[in-house]
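Peer 1: If you want the building blocks of each chain, they are given just below.
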Amino acid sequence: MLAGTGNFTENTRKALEDAALQKALGNVKRGFIAKRAKARAALPEFETLRDEAKEIKIHTLAHMDLYLARYEAQVKRAGGQVHWARDSGQARRIIAGICKAAGAKSVTKGKSMITEEIGLNRYLQAQGYEVVETDLGEYLIQIRGETPSHIIAPAVHLNKEQVETDFRSHHKNLPPERPLSKVSDLVNEARQVLREKFVNADVGITGANFLIAETGQSVIVTNEGNGDLTQTLPRVHIVAASLEKVVPTLEDASTLIRILARSATGQDISTYTTFTSGPKREQDLDGPEEFHVVLLDNGRSGLPGGEFEDMLRCIRCGACLNHCPVYQSVGGHAYGSVYPGPMGSVLTPLLQGVSEARHLPHACTLCGRCEAVCPVRIPLPAMLRRWRMRDFAKKPPLAKAKLGLKLWVFLARHPALYRLITTPVIKILALTGGRKGRICALPFGGAWTDQRDLPAPQGTSFMARWRKGERP
Amino acid sequence: MSAREAILGRIKQSLNVSGDDAGRKHTVKSRLETHPRHTIPERGQLDLEGRIGLLAEILEGQSASIAPVAKIADVPEEILRYLRGHGLAPALRIGENPVLRPLDWERAKLEVAAGAADTHTLTGCSTAFCAIAESGTLMLLSGPQNPATLNYLPDNHIVVLKREDVLASYEEGWDKMRARGADIPRNVNYISGPSRTADIEQTIFLGAHGPRRLHVVMVK
Ligand code: SF4
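These protein sequence lines are chains A and B, in that order.
Heads up: the first sequence begins at 1 in this note's numbering, then just goes up one per residue.
Heads up: the second sequence begins at 1 in this note's numbering, then just goes up one per residue.
Among the clues, some could well be false.
[Claimed, not checked] These stretches of chain A come out as covered by chain B in the derived footprint (C-beta under 8 Å, 3 or more residues):
id: 1; region: 40-48
id: 2; region: 125-133
id: 3; region: 291-305
id: 4; region: 361-367
id: 5; region: 374-387
id: 6; region: 424-435
[As the list claims (entries may be wrong)] To give an idea of the chain A side of the interface with chain B (calculated C-beta under 10 Å), a few residues:
id: 7; residue: ASN188
id: 8; residue: LEU285
id: 9; residue: MET311
id: 10; residue: ALA399
id: 11; residue: ALA401
id: 12; residue: LEU403
id: 13; residue: ARG471
[As the list claims (entries may be wrong)] Calculated cross-link-like contacts (lysine-lysine; reagent style DSS-like; alpha-carbon spacing at most 27 Å):
id: 14; chain 1: A; residue 1: LYS76; chain 2: B; residue 2: LYS71
id: 15; chain 1: B; residue 1: LYS29; chain 2: A; residue 2: LYS76
id: 16; chain 1: A; residue 1: LYS35; chain 2: A; residue 2: LYS182
id: 17; chain 1: A; residue 1: LYS160; chain 2: A; residue 2: LYS29
id: 18; chain 1: B; residue 1: LYS220; chain 2: B; residue 2: LYS109
id: 19; chain 1: A; residue 1: LYS76; chain 2: B; residue 2: LYS25
id: 20; chain 1: A; residue 1: LYS54; chain 2: B; residue 2: LYS25
id: 21; chain 1: B; residue 1: LYS29; chain 2: A; residue 2: LYS54
id: 22; chain 1: A; residue 1: LYS76; chain 2: A; residue 2: LYS100
id: 23; chain 1: B; residue 1: LYS12; chain 2: A; residue 2: LYS54
id: 24; chain 1: B; residue 1: LYS176; chain 2: A; residue 2: LYS76
These are calculated hints, taken from the structure and not from any lab test.
Where a beta carbon is used, it is the ideal one built from N, C-alpha and C, also for glycine.
For reference, chain A alone in the conformation it holds in the complex (with noise of 0.2 Å):
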């Protein structure tokens, strides 16, 4: 569900303080941006396809009606359903109403963001259907009542002490004094408890990476195989995913492959990448006997040709998140929202509006190390930008800025006054820094100064040096 983003300064001083999140978090560091620059070292042609796959995407934003008419018409043919939703609660109420007409008790689930936005579990649950997610992560995280805190490694944020605790608590038919110390007794563990989950599940819900036009496919990738368990061996398969998820032709979807795997965990290509069009056909042995796709608009349809389109174009990888200095030392959970990071700072406010998500386009550095690696280079910072500038047109700002910034216009169009003042402040500012040339304390700067120090100016200013002649 989408809560709690207005909370984001109390966040991120609780999650600087949290030294479990922040050994956590140490993984992300050491893992995902060592991997992502391996895969792009191995492959010459990685910026070529970063750059196809941008044109790839915006090509079919700007026929985004065409291809998700056809893509429809493919999966009747293969002998599914579409259905439409325009939002959170419809696409509740019609995953909910097909549990029903199948008679389901019980749900698996792959991973999937689509139903984190919309809050699925706990509507699901409230109406006593068992829920249970697959994939290791999203397991991890629904024992302990969280939610993901990374779109690709939604357990990034925990421990194995943390996961042998709440195994320990959880699965209390297993023999208490079983060794649960290694990751691989975690791992087996896991295995053995959910394999009896996704043989007794009447539905399967997965997500989708890929919607693909020509031939009616939904795409998923895991390195589990968890996503396809979840959809072979229950009589039903929904699958969830939103709009911009579809591509024209399996050629397109190469692309997007090629480089998404790369991007998010340095891998060539996930273990397992499925293709899948409606139900089991009549001869095969196994596979469910309906097959649904939810298409999620939530404000989607809205953006095409609009300033934030190329928001749309996200693949999902997670690298912005994994390189974002923010969301390296906060974790995903302070941002209060589904998707957290650069993308999630941009999307959320389209998704939930900006008086609720306000904060998040200010958790930024704007560093640009996320656009530097986004697979379609979205241009996140300048997004970031334009949704401050909206926010700051909504909220009449603090008396103190306005007249902050009255005064630096002032001076600003008066060069001589300018310089008249700044000359004696920069004497008195390189002064103090000393020797050391940093400035460890400032009067009014405390918010700046408690965390770190000011570099103090060297020498005399621009102005000045190029009067005496000096030239670059």
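Fit chain B with the ligand to the supplied structure of chain A, relying on the hints for placement.
Peer 2: Just chain B with the ligand, lined up with the frame of chain A:
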């Protein structure tokens, strides 16, 4: 207005286009019909020996194994050797597979059951439609000959692949599928190693939900 009409209408409104714009329709139709290729990485574009070498190298790097046999009749012996080598029971399950069914499994003293996998199936065996050298990927088509559960439920998965079916790129695999002429199956499965997870502290562990082992038997 139905949700479908509302959503498609809003997209058109955002794009400032009308639905019956012939130019847009033509663009979409021709993209779907010609399905143009984009840049294909050079790494897979080798001769057959080169492609096989690359496939094996990547698969082995992903903790899968690969063994050549001279002819299809040798497959049961190789599977027996593999299962024995890992201390596994000499039993496996296959689909209604026209390539695998006629083989002389009895001579190799392998117990073979037919059908989809269940939770008791320890080893499943399927045939690959082709393989993609550039990423070390096996491409399987689901159907009675290859029930998808065989790929994911058993502890061990064995895939029989013909040498000449090792292709360079995903695109070549799709062209081969289109050339079949038949409707597409429910699943096209890309498999690039045994099941794995890195969800706990980014430590890679094999056999998360799917097979712990993947073995490829390559037939000349
Ligand atoms: S915005 Fe770009 S980098 Fe971030 S998740 Fe989306 S595709 Fe990946």
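Peer 1: Now tell me if each hint is right for this structure.
Peer 2: Taking the hints in turn, this is what the structure says about them:
1. 40-48: holds (count 4)
2. 125-133: violated (count 0)
3. 291-305: This one holds; 7 residues, not fewer than the three required, reach chain B with a Cβ under 8 Å.
4. 361-367: Since 0 is below three, the answer is violated.
5. 374-387: With 0 residues closer than 8 Å to chain B, the region 374-387 of chain A misses the three-residue bar; violated.
6. 424-435: violated (count 0)
7. ASN188: 8 Å, holds
8. LEU285: 4 Å, holds
9. MET311: Violated: closest Cβ of chain B sits about 13 Å from A/MET311, beyond 10 Å.
10. ALA399: It is violated, given that the least Cβ distance between A/ALA399 and chain B is near 39 Å, above 10 Å.
11. ALA401: The hint is violated - A/ALA401 has no Cβ within 10 Å of chain B, the shortest such distance being about 35 Å.
12. LEU403: 41 Å, violated
13. ARG471: 45 Å, violated
14. A/LYS76 / B/LYS71: 42 Å, violated
15. B/LYS29 / A/LYS76: 19 Å, holds
16. A/LYS35 / A/LYS182: 23 Å, holds
17. A/LYS160 / A/LYS29: With Cα atoms ~18 Å apart, A/LYS160 and A/LYS29 stay inside 27 Å; holds.
18. B/LYS220 / B/LYS109: At roughly 23 Å apart (the allowed maximum being 27 Å), B/LYS109 and B/LYS220 satisfy the hint.
19. A/LYS76 / B/LYS25: This hinted pair holds, its Cα atoms lying about 20 Å apart.
20. A/LYS54 / B/LYS25: Answer holds: A/LYS54 to B/LYS25 is near 21 Å, not above 27 Å.
21. B/LYS29 / A/LYS54: Given pair B/LYS29, A/LYS54 holds - Cα atoms ~21 Å apart, limit 27 Å.
22. A/LYS76 / A/LYS100: Holds. A/LYS76 to A/LYS100 sits at ~22 Å (cutoff 27 Å).
23. B/LYS12 / A/LYS54: Distance of about 21 Å is within 27 Å: holds.
24. B/LYS176 / A/LYS76: 24 Å, holds
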